Amino acid sequence: AQSVTQPDIHITVSEGASLELRCNYSYGATPYLFWYVQSPGQGLQLLLKYFSGDTLVQGIKGFEAEFKRSQSSFNLRKPSVHWSDAAEYFCAVGATNTGFQKLVFGTGTRLLVSP
Amino acid sequence: EPEVTQTPSHQVTQMGQEVILRCVPISNHLYFYWYRQILGQKVEFLVSFYNNEISEKSEIFDDQFSVERPDGSNFTLKIRSTKLEDSAMYFCASSYGTGLEKLFFGSGTQLSVL
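Order-wise, the sequence lines are chains A and B. Read in order, the letters of the first sequence correspond to residues 83 to 197 in my numbering. Read in order, the letters of the second sequence correspond to residues 28 to 141 in my numbering.
Don't take each hint at face value.
Claimed, not checked - Computed far set for chain B versus chain A, every beta-carbon distance over 12 Å:
id, residue
1, Glu71
2, Leu73
3, Ser75
4, Asp90
Said to hold, decoys possible - Using 27 Å as the maximum straight-line C-alpha spacing, the simulated DSSO-like pairs for lysine-lysine come out as follows:
id, chain 1, residue 1, chain 2, residue 2
5, B, Lys129, A, Lys131
6, B, Lys69, B, Lys105
7, A, Lys150, B, Lys105
8, B, Lys129, B, Lys69
9, B, Lys84, B, Lys129
10, A, Lys143, B, Lys69
11, B, Lys129, B, Lys110
12, A, Lys131, B, Lys110
13, A, Lys131, B, Lys105
14, A, Lys143, B, Lys129
15, B, Lys110, B, Lys69
16, B, Lys129, A, Lys150
What the hints assert, rightly or not - To be clear about the criterion: a stretch of chain A counts as covered by chain B if any three or more of its residues have a C-beta under 8 Å from a C-beta of chain B, and this derived list gives those stretches:
id, stretch
17, 122-130
18, 144-150
Keep in mind that the hints were calculated from the coordinates and are not lab data. Note that the structure is a prediction, hence the values are computed from the model and not measured. We put the beta carbon where it would ideally sit given N, CA and C, even for glycine.
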């Protein structure tokens, strides 16, 4: 069965510093991979996705992620974090059962940004 | 940008009571979903709905749960007899097609069962 692991529950980064959030997945075929962000009181917003092609994908708000098949990873990065980036980040893999697609999420990483 | 709206944002209920969570998907979307997140755990798929019937459901979605699209605009999740372990954030989502790349989520309803 498909699964996603986000090993870091909390991460604290200084404003202006770089960020990397880790995500590992388990999926037999070529995965569809996603990063979502949830700010307090908000829904899940799609940051970026990987379906095929270039393994480095660009997303909104200056985020990028790199798909590494050999490591089963899809880590999220940002070169310079802003205080408004403080939120919960979820990695997800698209799973197809019975021909119908659904998302399998990781447990999330809470990002705290210090001044 | 169009959005999926969920009401209420918070709901408190007593164990054993019925609860209905409401969602208004984006107007031209055809596929509807419920996910939930128990505090500290993963966001989990519950059910998908298309053409007025359930397309797929997870093991969590037992006989206590039902979904309905009563009037062409609302999409509801009913829990018949709530249990303590139903306390969670429930997310509604919708999409035009089955592709996950155009899935829009609502802001969630926090359900607390006492």
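Hint check:
no. : hint                : verdict
1   : Glu71               : 7 Å, violated
2   : Leu73               : 10 Å, violated
3   : Ser75               : 6 Å, violated
4   : Asp90               : 20 Å, holds
5   : B:Lys129 / A:Lys131 : 10 Å, holds
6   : B:Lys69 / B:Lys105  : 21 Å, holds
7   : A:Lys150 / B:Lys105 : 41 Å, violated
8   : B:Lys129 / B:Lys69  : 21 Å, holds
9   : B:Lys84 / B:Lys129  : 20 Å, holds
10  : A:Lys143 / B:Lys69  : 24 Å, holds
11  : B:Lys129 / B:Lys110 : 33 Å, violated
12  : A:Lys131 / B:Lys110 : 36 Å, violated
13  : A:Lys131 / B:Lys105 : 32 Å, violated
14  : A:Lys143 / B:Lys129 : 18 Å, holds
15  : B:Lys110 / B:Lys69  : 19 Å, holds
16  : B:Lys129 / A:Lys150 : 24 Å, holds
17  : 122-130             : holds (count 6)
18  : 144-150             : violated (count 0)
Checked against the numbered hints given earlier, the structure breaks hints 1, 2, 3, 7, 11, 12, 13 and 18 and satisfies all the rest.
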